[in-house]
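Colleague: Take a look at the letters that make up each chain.
There are 2 protein chains.
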Amino acid sequence: MNYIVILGLVAAALTTFSSLPQVVKIIKIKETKDISLGMYVLVVAGIILWLVYGLLIGDLPLITANVVSLIFTATILGFKIKYK
Amino acid sequence: MNYIVILGLVAAALTTFSSLPQVVKIIKIKETKDISLGMYVLVVAGIILWLVYGLLIGDLPLITANVVSLIFTATILGFKIKYK
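In order, the protein sequences belong to chains F and H. The first sequence begins at -6 in the working numbering and counts up by one. The second sequence begins at -6 in the working numbering and counts up by one.
Check each hint, because a few of them may be wrong.
The list cannot tell twin chains apart, which means a pair is met if one copy fits it or any two copies do.
[Said to hold, decoys possible] For lysine-lysine, the following DSS-like pairs were computed, each having C-alpha atoms within a straight-line distance of at most 30 Å:
| # | residue 1 | residue 2 |
| --- | --- | --- |
| 1 | LYS23 | LYS75 |
| 2 | LYS26 | LYS77 |
| 3 | LYS75 | LYS21 |
The set of hints was computed from the structure by calculation and includes no laboratory data. Since this is a predicted model, take the numbers as computed values, not measurements.
Between the sequences and the hints, there should be enough to build the whole structure, so can you do that?
Modeller: Below, the structure is given as structure tokens:
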């Protein structure tokens, strides 16, 4: 693997796991008042479409990254609805 | 364009503009207490790497999407630091 591919993989790992600290924070503080519902509706809808796109073109990195992202962002959306 | 390409473009548009409602919400309420600092540090770092990756491989859609995403997410990170 050349350094450009490694750079892309690090970028993908960062953006894919970026929502994890938000999940942990909500579990601790049980508050979501300042978090935008609209943002997570758009994110979850977008990630579902990315996942369908990944499945249709058979792209494993796209499928993997979006399954992980969907777990975190759908959890945040669920918390936002629960604690609103 | 076939429907798979259109699906990918809609997915990209949704995830790219998803942070906009959060920017608008913070401008209105001037509160970021429930928002995770760690999340936005990871997101901004990840998007900068995606952008560098896009520039290195010369991928215009990747560059465009990540410039837009960077504007929104860096704004949220700035607000998080300002209102913390």
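Colleague: For which of the previously enumerated hints does the structure constitute a violation, in increasing order of number?
Modeller: Hint check: nothing fails, all pass.
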